[in-house]
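Asks: On the provided structure of chain Y, position chain G as indicated by the hints.
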Amino acid sequence: GAGVSQSPSNKVTEKGKDVELRCDPISGHTALYWYRQSLGQGLEFLIYFQGNSAPDKSGLPSDRFSAERTGGSVSTLTIQRTQQEDSAVYLCASSLFAHAGAGSPLHFGNGTRLTVT
Amino acid sequence: AQTVTQSQPEMSVQEAETVTLSCTYDTSESDYYLFWYKQPPSRQMILVIRQEAYKQQNATENRFSVNFQKAAKSFSLKISDSQLGDAAMYFCAYRSTGNQFYFGTGTSLTVIP
Chain Y
1 GAGVSQSPSN
11 KVTEKGKDVE
21 LRCDPISGHT
31 ALYWYRQSLG
41 QGLEFLIYFQ
51 GNSAPDKSGL
61 PSDRFSAERT
71 GGSVSTLTIQ
81 RTQQEDSAVY
91 LCASSLFAHA
101 GAGSPLHFGN
111 GTRLTVT
Chain G
1 AQTVTQSQPE
11 MSVQEAETVT
21 LSCTYDTSES
31 DYYLFWYKQP
41 PSRQMILVIR
51 QEAYKQQNAT
61 ENRFSVNFQK
71 AAKSFSLKIS
81 DSQLGDAAMY
91 FCAYRSTGNQ
101 FYFGTGTSLT
111 VIP
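Chains as they are written, first to last, in our numbering: chain Y, 1 to 117; chain G, 1 to 113.
Looking at chain Y on its own, in the form it has when it is part of the complex (with noise of 0.2 Å):
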């Protein structure tokens, strides 16, 4: 099947705009993350949907951050009042977790580039 789907791929935006990014998963996993890489740099999580469990949003940077997974699928990354420093490729990885301790690989989609001028 299809893996990891991210759109858009490229996205610039002026700065104060609104932003959505989408991610859709492998069908039937069931856990999704976030993750944010700047040029240059590792990855840092911001955030995790594991089937019908409340989303662990620790590491999304500020309340401008948000993020949803309608139906345990589709995700939607929504950046409110962009910034610049938010200039970034955003990655999306979907798992499949068949039970604890599974050792299910992340799979990564291609990312969204966010520019913000």
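In case anyone wonders, no lab produced these hints; they're calculated from the structure.
None of these values were measured; they are calculated from a predicted model.
Beta carbons: idealized from backbone N, C-alpha and C, even for Gly.
A few of these clues could be false.
Taking CB as the label site, the calculated pair distances span [to be verified]:
no.: 1; chain 1: Y; residue 1: G28; chain 2: G; residue 2: G98; range: 20 to 26 Å
no.: 2; chain 1: G; residue 1: Y54; chain 2: Y; residue 2: R81; range: 42 to 48 Å
no.: 3; chain 1: G; residue 1: R63; chain 2: Y; residue 2: E14; range: 29 to 35 Å
no.: 4; chain 1: G; residue 1: T3; chain 2: Y; residue 2: K57; range: 45 to 51 Å
no.: 5; chain 1: G; residue 1: N58; chain 2: Y; residue 2: K57; range: 35 to 41 Å
Chain Y residues, not near chain G, derived (Cβ > 10 Å throughout) [what the hints assert, rightly or not]:
no.: 6; residue: K11
no.: 7; residue: V12
no.: 8; residue: T13
no.: 9; residue: G16
no.: 10; residue: D18
no.: 11; residue: Y48
no.: 12; residue: A54
no.: 13; residue: D56
no.: 14; residue: R64
no.: 15; residue: G71
no.: 16; residue: S87
no.: 17; residue: T115
Replies: Here is chain G on its own, set in the frame of chain Y:
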């Protein structure tokens, strides 16, 4: 919280030679999983290899193998017979029992023809 450290920001290797990328981690858990991911310029993160902490045998995938030292909390990646297509950013990752993933800061590998 778990931390993952990659102490080599950049590495280079001659084509057809062998290179080892280092990774150490800190944890109090006894059961966990470790991964190496490759990120070429296309920015797609690709799984290279996975190691289960309760398995003593080192994982291998074709030209890629790991040296897993649980007591030392070390998880290095060895790439044999390096190819031009191996040039990429490599990330070490730790998956906790709470299903959270922790990544190192990456090692940029250059393959010299």
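Asks: So, for every hint listed, does it hold in this structure?
Replies: Consistency of the hints with the structure:
A beta carbon spacing of about 21 Å between G28 (chain Y) and G98 (chain G) agrees with the range 20 to 26 Å that was offered as a hint. The hinted range of 42 to 48 Å is satisfied by Y54 (chain G) and R81 (chain Y), whose Cβ atoms lie roughly 47 Å apart. Between R63 (chain G) and E14 (chain Y) the C-beta distance comes to about 46 Å, which lies outside the given range of 29 to 35 Å. Against the hinted window of 45 to 51 Å, the Cβ-Cβ separation of T3 (chain G) and K57 (chain Y) comes to about 21 Å, which falls outside the hint.
Checking the proposed 35 to 41 Å range against N58 (chain G) and K57 (chain Y) shows it holds: the Cβ atoms sit about 37 Å from each other. No Cβ of chain G comes within 10 Å of the Cβ of K11 (chain Y); the nearest lies about 14 Å off, and the non-interface call holds. Non-interface status of V12 (chain Y) relative to chain G is upheld: no Cβ of that chain comes within 10 Å, the nearest being about 17 Å off. For T13 (chain Y), the non-interface assignment is confirmed: its Cβ lies about 19 Å from the closest Cβ of chain G, beyond the 10 Å cut-off.
Here G16 (chain Y) stays apart from chain G, with its beta-carbon at least about 27 Å from theirs, past the 10 Å limit. Its beta-carbon lying about 24 Å from the closest one in chain G, D18 (chain Y) satisfies the requirement of being farther than 10 Å from that chain. Residue-level check failed: Y48 (chain Y) sits 7 Å from the nearest beta carbon of chain G, not beyond 10 Å. The claim that A54 (chain Y) is not at the interface with chain G holds, since no C-beta of that chain comes within 10 Å of its own (minimum 14 Å).
For D56 (chain Y), the non-interface assignment is contradicted: its Cβ lies about 7 Å from the closest Cβ of chain G, within the 10 Å cut-off. For R64 (chain Y), the requirement that its beta carbon stay farther than 10 Å from each beta carbon of chain G is met, with the minimum near 23 Å. Residue-level check passed: G71 (chain Y) sits 20 Å from the nearest beta carbon of chain G, beyond 10 Å. Non-interface status of S87 (chain Y) relative to chain G is upheld: no Cβ of that chain comes within 10 Å, the nearest being about 15 Å off.
Consistency note on T115 (chain Y): stated as away from chain G, and its beta-carbon is indeed over 10 Å from all of that chain's, at 14 Å minimum.
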